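Undergrad: Chain by chain, the residues:
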Amino acid sequence: MESLHIKATQYTPEIILDLNGTITMTGKSYPENTFEFYKPVMEWLEEYFEENKSNTITVNLEIIYFNSSSSKLFFDFFDLLDENRKGRELIVNWIYDEENESAEEAGEDFVEDFADLHIQLVTK
Amino acid sequence: MASEDKLVAEVEALKESFAETADKIIKDIKRHSKIMERSDKRQRLEYDELQKKLKEVETLQEEITATQREVVFTMGAIGESRSKETGNHVKRVAEYSKLLALYYGLSQEEAEMLKQASPMHDIGKVAIPDAVLNKPGRFDAQERELMNTHSKLGYDMLCHSQRPLLKCAATVAYEHHEKWDGSGYPRGLKEDEIHIYGRITALADVFDALGSDRCYKEAWEDQKIFDLFIQERGKHFDPKLIDIFFRHLDEFLVIREELKDS
Numbered sequence: 001m002e003s004l005h006i007k008a009t010q011y012t013p014e015i016i017l018d019l020n021g022t023i024t025m026t027g028k029s030y031p032e033n034t035f036e037f038y039k040p041v042m043e044w045l046e047e048y049f050e051e052n053k054s055n056t057i058t059v060n061l062e063i064i065y066f067n068s069s070s071s072k073l074f075f076d077f078f079d080l081l082d083e084n085r086k087g088r089e090l091i092v093n094w095i096y097d098e099e100n101e102s103a104e105e106a107g108e109d110f111v112e113d114f115a116d117l118h119i120q121l122v123t124k
Numbered sequence: 001m002a003s004e005d006k007l008v009a010e011v012e013a014l015k016e017s018f019a020e021t022a023d024k025i026i027k028d029i030k031r032h033s034k035i036m037e038r039s040d041k042r043q044r045l046e047y048d049e050l051q052k053k054l055k056e057v058e059t060l061q062e063e064i065t066a067t068q069r070e071v072v073f074t075m076g077a078i079g080e081s082r083s084k085e086t087g088n089h090v091k092r093v094a095e096y097s098k099l100l101a102l103y104y105g106l107s108q109e110e111a112e113m114l115k116q117a118s119p120m121h122d123i124g125k126v127a128i129p130d131a132v133l134n135k136p137g138r139f140d141a142q143e144r145e146l147m148n149t150h151s152k153l154g155y156d157m158l159c160h161s162q163r164p165l166l167k168c169a170a171t172v173a174y175e176h177h178e179k180w181d182g183s184g185y186p187r188g189l190k191e192d193e194i195h196i197y198g199r200i201t202a203l204a205d206v207f208d209a210l211g212s213d214r215c216y217k218e219a220w221e222d223q224k225i226f227d228l229f230i231q232e233r234g235k236h237f238d239p240k241l242i243d244i245f246f247r248h249l250d251e252f253l254v255i256r257e258e259l260k261d262s
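Chains A and B supply the protein sequences, listed in that same order. Residue numbering for the first sequence follows the numbering used here, starting at 1 and increasing by one per position. Residue numbering for the second sequence follows the numbering used here, starting at 1 and increasing by one per position.
FYI, nobody ran anything at the bench for these hints, they're computed from the structure. Careful: at least some of the hints might be erroneous.
Cut-off 27 Å, straight-line C-alpha distance, at most; resulting in silico cross-link-like pairs (BS3-like, lysine-lysine) [what the hints assert, rightly or not]:
| no. | chain 1 | residue 1 | chain 2 | residue 2 |
| --- | --- | --- | --- | --- |
| 1 | B | Lys41 | A | Lys86 |
| 2 | A | Lys39 | A | Lys72 |
| 3 | B | Lys15 | A | Lys86 |
| 4 | B | Lys24 | B | Lys52 |
| 5 | A | Lys72 | B | Lys34 |
Bear in mind that the values here come from a model prediction, so they are computed numbers and not experimental data.
Let's have the full structure, built from the sequences with the hints guiding it.
TA: Below, the structure is given as structure tokens:
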């Protein structure tokens, strides 16, 4: 298993899944086929959690623009984190610009829905 | 009894699993509607923002167009004021040019562009010395030669722009003294070699110049102008434009009347 680095495009964020347990997504997310785009990401994570049961995971999400299917995808992503949070330290940061109301509200929704993940809302 | 217990245990397990699934479905439904609600809100904000930006761009575009129009018109007026011609000369030439362009078959946009560009046809005169420019009476050969450089001078001033309006003005400045039979200046172009903008402005400019008082001459009688036009059809002027001029003479005379010098 190797770290995964997906470069940003006009429609998709930069994604870095590091074997050291750092998960970073930065940019915009409105792919033509969201679930297809994120499939390798979700698969990588499932495999990673399978192989690494107790290490610390740090998640930094800074998504400035996203469509509704990306929003659904992030719920699935947090579900996956939720299922694998036991027995390890988990730090989740939802990073947004103060003026980006949509990103702020999305962050608040995630905080509310995933109380156990202790998602931190971080303003830039 | 044992089988009964087993059955109950199985059903209990099913019940639990069903409850879990039901919870998950309910959660998903709630999530889904939340996602849609947020998405709708986002879309609305985005659309509002887009509309606002579009409006700003439109306003800016109008501003740019208006500024361009004013600058072009002012430059034309500067050119005219240097030669002590009346302020309405450029306005009349502009209107005649547009009318000729439309009847010639140019599009509304192109005719409008020519109207806006044609006032600059004499802009090169700003570089001609006053003593020559405002000399009463006829020019000698040397003065005439100097005077004739205003076409090229005007072109040189305008030709560096990539803006369609200024490019059009450059063409007009360069070619409005060319003649259909090739006897004009500065390049001695003939017939279709002369851009239609040049051919149109040539006619519009001469029609107005002959009908106006100048420092070196009085205005011509209409009939004398018309006779000259008939005579110069296919010589000085594009025959097609002369035909258009006579076919729609009443409209040209209306413009002249409405924009006459006070």
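Undergrad: Decide, hint by hint, whether the structure agrees.
TA: We went through each hint and held it up to the structure:
1. Among the hinted pairs, Lys41 of chain B with Lys86 of chain A is inconsistent with the structure: their alpha-carbon atoms are about 35 Å apart, more than 27 Å.
2. The hinted pair formed by Lys39 of chain A and Lys72 of chain A meets the criterion: a straight-line CA distance of about 13 Å does not exceed 27 Å.
3. For the hint linking Lys15 of chain B to Lys86 of chain A, the alpha-carbon distance of about 26 Å falls within 27 Å, and the restraint holds.
4. With a C-alpha separation of about 41 Å, the suggested pairing of Lys24 of chain B with Lys52 of chain B is violated against the 27 Å cut-off.
5. Pair hint Lys72 of chain A plus Lys34 of chain B holds up; C-alpha atoms about 10 Å apart against a cutoff of 27 Å.
Violated hints, listed in ascending order, are 1, 4; each of the other numbered hints is respected by the structure.
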